[in-house]
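Asks: Below are the chains, spelled out letter by letter.
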Amino acid sequence: MLLQQLVNGLTLGAVYTLIALSFSLVMGILGVLNLAIAELFMLGGFFGFAVIAAQLPLPLAILAGMVGAALVAVIVEKIGYQPLRDAPVVTPMLSTLGFSIIFQNVATNIWGSDPLQLTDEVLATRFTLGPVSISAMQITVLGATVMLVALLAFVVQRTSIGRALRAVAENRDVARLLGVSADRVTLLAFMLSGALAGAAGVLIGLHYAAITPYIGVEIGLKAIAVMVIGGTTRIWGALVAGPLIGIAEVMTVAYGGSQVRDFVVYGFMIVILLLRPQGILGGSGADQGQRV
Amino acid sequence: MISVYYAGLLADVGILLLGALSVYIILATGQLSLGNAGFMGIGAYLTSYLTVVVGVPITLALILAAAASGIVGTVVGFPALRLKGIYLAIATLGFGEMVRSFFLNFDTMGGSGGFHGMKHISVGYIWAWAAGILILVVLLERSRVWLEMRAVHDDETAAGLVGLNPTTIKVGAFSFGAAVAAISGGLFAHHHVYIEPGNFGFERSIDFVLAVILGGSTVGPGALVGSFLLVLLPEYLRFLADWRLAAFGVLLIGMLLVRRQGILDRSLFNALAFRRAS
Numbered sequence: 001m002l003l004q005q006l007v008n009g010l011t012l013g014a015v016y017t018l019i020a021l022s023f024s025l026v027m028g029i030l031g032v033l034n035l036a037i038a039e040l041f042m043l044g045g046f047f048g049f050a051v052i053a054a055q056l057p058l059p060l061a062i063l064a065g066m067v068g069a070a071l072v073a074v075i076v077e078k079i080g081y082q083p084l085r086d087a088p089v090v091t092p093m094l095s096t097l098g099f100s101i102i103f104q105n106v107a108t109n110i111w112g113s114d115p116l117q118l119t120d121e122v123l124a125t126r127f128t129l130g131p132v133s134i135s136a137m138q139i140t141v142l143g144a145t146v147m148l149v150a151l152l153a154f155v156v157q158r159t160s161i162g163r164a165l166r167a168v169a170e171n172r173d174v175a176r177l178l179g180v181s182a183d184r185v186t187l188l189a190f191m192l193s194g195a196l197a198g199a200a201g202v203l204i205g206l207h208y209a210a211i212t213p214y215i216g217v218e219i220g221l222k223a224i225a226v227m228v229i230g231g232t233t234r235i236w237g238a239l240v241a242g243p244l245i246g247i248a249e250v251m252t253v254a255y256g257g258s259q260v261r262d263f264v265v266y267g268f269m270i271v272i273l274l275l276r277p278q279g280i281l282g283g284s285g286a287d288q289g290q291r292v
Numbered sequence: 001m002i003s004v005y006y007a008g009l010l011a012d013v014g015i016l017l018l019g020a021l022s023v024y025i026i027l028a029t030g031q032l033s034l035g036n037a038g039f040m041g042i043g044a045y046l047t048s049y050l051t052v053v054v055g056v057p058i059t060l061a062l063i064l065a066a067a068a069s070g071i072v073g074t075v076v077g078f079p080a081l082r083l084k085g086i087y088l089a090i091a092t093l094g095f096g097e098m099v100r101s102f103f104l105n106f107d108t109m110g111g112s113g114g115f116h117g118m119k120h121i122s123v124g125y126i127w128a129w130a131a132g133i134l135i136l137v138v139l140l141e142r143s144r145v146w147l148e149m150r151a152v153h154d155d156e157t158a159a160g161l162v163g164l165n166p167t168t169i170k171v172g173a174f175s176f177g178a179a180v181a182a183i184s185g186g187l188f189a190h191h192h193v194y195i196e197p198g199n200f201g202f203e204r205s206i207d208f209v210l211a212v213i214l215g216g217s218t219v220g221p222g223a224l225v226g227s228f229l230l231v232l233l234p235e236y237l238r239f240l241a242d243w244r245l246a247a248f249g250v251l252l253i254g255m256l257l258v259r260r261q262g263i264l265d266r267s268l269f270n271a272l273a274f275r276r277a278s
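Chains as they are written, first to last, in my numbering: chain L, 1 to 292; chain B, 1 to 278.
Bound-form chain B, shown alone:
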């Protein structure tokens, strides 16, 4: 039996893992999203509405919210096609802040006062979702679709010339990422049993990106490593008391300087999996 403290940390890791995967999927097509906390917020509010007000069971509510957020992701994904690199990142940042601001004004769901009444869920349930989606992403990485996504990532024009459809692939990735972020949000809402718009701000989006970049942005399980690191590191730095965030910043910069591809990359992953490094 694990203690309540560790159970809480594990739950945070699972929720962060889903958010990180949502960024990872979109990043795989070469698009950096700094607005995934927006999708997470949509998922959190929608599942909470469905379970508390409508009375839908949690699993169904999560699936519905993921579908709805996926549709929003498609709507966001199309205009995003026009932007690249840092400008796309800034636009998605704007989207995230708009969603936060929307919920701040959305009095039906409590506005700035937040929303509560959700039933608490177990760590096991969170991890069932997190592991399920992680396995889904790892399977996706072995499929033809993933090769197409990498092709679009490396050179969009060339990918289009060999007969791929970059539009479908990029918008599809956005949509899938948005759905995964919504699940993360739904689980977050039912783990903390209280949500407020401030939970889904810029810092949250940055956390997702950090988990992916620290863990390794070229392999799916990198997000797992990054999520553990991001949640546990500040805990282990607790002996530094007031200075632990600064220490975390120092470690982050050091990490980027020494190993910018993240802890887990393709060759390390293969070595760990007892396969020949390519």
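If we strip away everything but chain L, and leave its shape as in the complex, we get:
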């Protein structure tokens, strides 16, 4: 029972991790809370479902979700962020919120407000390992997450694009003086974060075997909590915080009743913000500068 809950929690946590990374890429580099990510995630799910409905293979669905959401993220960046870059943090946050409103409305009009169900059982085979039963779908979600995170780690740590991202995150002005095109990096951060959110959308759609236009807000807010708990200046904090929150949530549902879980998650987030504002994995000193 306990082990089973751990596996279920890990699957949910994997999706949280991806969205938290998505928030954290934009937040860590630009200091902006891009609220449209919640809906990019939802849109990614619908794009993926469209591909699955067309009887195409699953990796293609995830790819479609990623590319689609990344392209939508470009629109958000060009209209909602770039012109408002020098405004107080509230302004770009609200313009991205404007985009969320639009995306949710458009999705409702196109796909309807009833949940879109996966018609045939995709990956319903279950494997039993001792006391634990794990479905092929759960393995897919976990595997895809690990691969995406590894890919992101490679891009951020080993490529010139990643170096530019980290340079701008460290100090935008100095990076520009050294010849990094900050505008391009900004756009890239939005696209990468959009792609991650899109992939997460497809995965959660598979996880629930259904998707609605309203899935973004609830999971998006939870992902913001995961990002904070992990620490925003080190994007890898989400790798610890995602599974942690996923497991904590599944455990509270199993042993404490489903209603308490939000209380636990957000309470934990506030405690972290107050006692360890740099997040679980954040370093000390310099990291605190921005937020306190």
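Mixed in with the good hints there might be a few duds.
Said to hold, decoys possible - Quick partial rundown of chain B residues pointing at chain L, CB under 10 Å, derived from the structure:
1. Ala-159
2. Ala-247
3. Ile-253
Hint data in this document are derived by calculation from the structure and do not stem from the laboratory. Using N, Cα and C, we set each Cβ at its ideal position, and we do this for glycine too.
Assemble chain B onto chain L, guided by the hints.
Replies: Just chain B, lined up with the frame of chain L:
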């Protein structure tokens, strides 16, 4: 005699105005709160409990709830001192979700099933409160306290160096904002005569902030303009049927791009008030 339809809209404007003012007061000290729906929820549930279960008259119940919420605001305001900018916004967001989640589990007041039994109040009563608080805020804007709040907003360290007490000012603003949000909640509960935790979620907090930012975040009456806009605009966009929310989003983004300080700012306000623009 106004029609029931317009009376309902007016009531919504009044309730939203109070919520927007609660955000405005806190924002004046440079703190962005995304959790004011939490305070609103506390106010709504407390006044409903007082009027329905205890049998207290509505006005007294509202004052008591405002006081209680003000105390909660103080409790929230102190830890909030440690956080700035977007992190404070995220923490208050968490607070709001915690309050919603608390009422979802609070079976004494109906839990997820909601709570009812309140007596309906008139639009006039709602607006008496809304106008009263608005006038209070406008008067506050002309006082020395407001200058101190602006000083803390502009530069906390400098404000502290000239002998102001940023802690008192910031926590005080939180407390006052929380009290105003509670009144908004109490009026909401007695206007709709039914409340459920979902009424006081993230979207509600965002509505408050939107009303302030759209209307103009530098002058109190901006919240009034923003509240009218936020309630009436979706109504006027009704001809767009299913697409009106998208149209609203487009207008919101356009507005932020063209006039990010909001419709009403200091110079426009002065011009409208037939005073020399400074």
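Asks: Compare the structure with each hint and give your call.
Replies: Hints, verified against the model:
1. The criterion of a C-beta within 10 Å of any C-beta in chain L is not met by Ala-159 of chain B, whose closest approach is roughly 18 Å, and the hint is violated.
2. Residue-level restraint check for Ala-247 of chain B holds (minimum Cβ-Cβ distance to chain L is 9 Å; threshold 10 Å).
3. At its closest, the beta carbon of Ile-253 of chain B sits 4 Å from a beta carbon of chain L; the interface hint therefore holds under the 10 Å criterion.
Hint check: a violation occurs at hint 1 only; the rest are consistent with the structure.
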